[in-house]
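*Asks:* Take these sequences, add in the hints, and give me the full structure.
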Amino acid sequence: MVPVSWYVILSAVVFGIGVIGVLTRRNMLIVLMSIELIFNAANINLVAFSHYLQSLNGQVFVFFVITVAAAEAAIGLAILVCLFRNKETVEVDDVSIMKG
Amino acid sequence: MMLQAIFLYFAAVIVGSSFMVIVMRNPVHSVLWLLLMFFHVAGLFVLVQAEFLAAVQIIVYAGAILVLYLFVIMLLNVEKERMRRAAHTGWLFYALIGLLVLIELCVLIGRSHFNGTVGPFTVERVATEGNSQLIGQVLYTDFLFPFEIASVILLVAMVGAIVLAKKKLLR
Chain S
243 MVPVSWYVIL
253 SAVVFGIGVI
263 GVLTRRNMLI
273 VLMSIELIFN
283 AANINLVAFS
293 HYLQSLNGQV
303 FVFFVITVAA
313 AEAAIGLAIL
323 VCLFRNKETV
333 EVDDVSIMKG
Chain C
3 MMLQAIFLYF
13 AAVIVGSSFM
23 VIVMRNPVHS
33 VLWLLLMFFH
43 VAGLFVLVQA
53 EFLAAVQIIV
63 YAGAILVLYL
73 FVIMLLNVEK
83 ERMRRAAHTG
93 WLFYALIGLL
103 VLIELCVLIG
113 RSHFNGTVGP
123 FTVERVATEG
133 NSQLIGQVLY
143 TDFLFPFEIA
153 SVILLVAMVG
163 AIVLAKKKLL
173 R
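Residue numbers (my numbering), protein chains in the order written: chain S, 243 to 342; chain C, 3 to 173.
No lab work stands behind these hints, which were simulated from the structure alone.
Remember, predicted model here, so these are calculated numbers, not experimental data.
Every residue, glycine too, gets a C-beta built ideally from N, C-alpha and C.
Misleading hints may appear alongside valid ones.
To be verified - Ranges between beta-carbon positions, derived for each pair:
no.: 1; chain 1: S; residue 1: Val-337; chain 2: C; residue 2: Leu-98; range: 19 to 29 Å
no.: 2; chain 1: C; residue 1: Gln-139; chain 2: S; residue 2: Ser-247; range: 42 to 52 Å
no.: 3; chain 1: C; residue 1: Gln-135; chain 2: S; residue 2: Asp-336; range: 48 to 58 Å
*Replies:* Now the structure itself:
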């Protein structure tokens, strides 16, 4: 039997890698992929706890998380295509008009 | 013992490939490492009796979302991007912040105890009745309203993506 804390630690590590990716990378595609990593970290947690507490609510929540991740990817990539069409760039540093 | 060895293999590949996702310069390579990571997360789901979610993970994430990413990478001009720096100028500082978050999470996990009220879906019951069937029962009874909301979210995402990515209308 694998202890539940192993799953939680694994999920925390993947979450941390995702956060580092969001903070450090300039390419917006990689930033979106790092957000997918964070979603997956949350999913690992939910599924592990749903197994150990013998309840299916966690797995249904993962289902919804995957739905929202699909919507997020579609919208995010559409925004990216829009941005590239207007400014010829996918780097987050080049999109700082709102910074003031 | 066997189960722990399998878990450790999956965990090692998941951590390694998610690290490779954020260090690769070429986005196409990142997508391929992400694919490896999704497959191993699906394996982890099978390990905890979530076969339906393992299938959904591969079909939706690996099959649909990553193909979308690849499409966009092919649509944009990636070759030009490889010439420039991959990370922000002060990336070490930001990575340190992320590392701090990670350490704090690990300390918190080490100090907490995981227990709670146990639900009715035992390992034997899931094994005999089937994971997909039980998820269907829970999804269409307890979570019927969130399920409808999810369909609305997908509709909004579809409309939004079409409106955003479309060329300007003739005025």
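*Asks:* So which of those numbered hints doesn't the model satisfy?
*Replies:* 2
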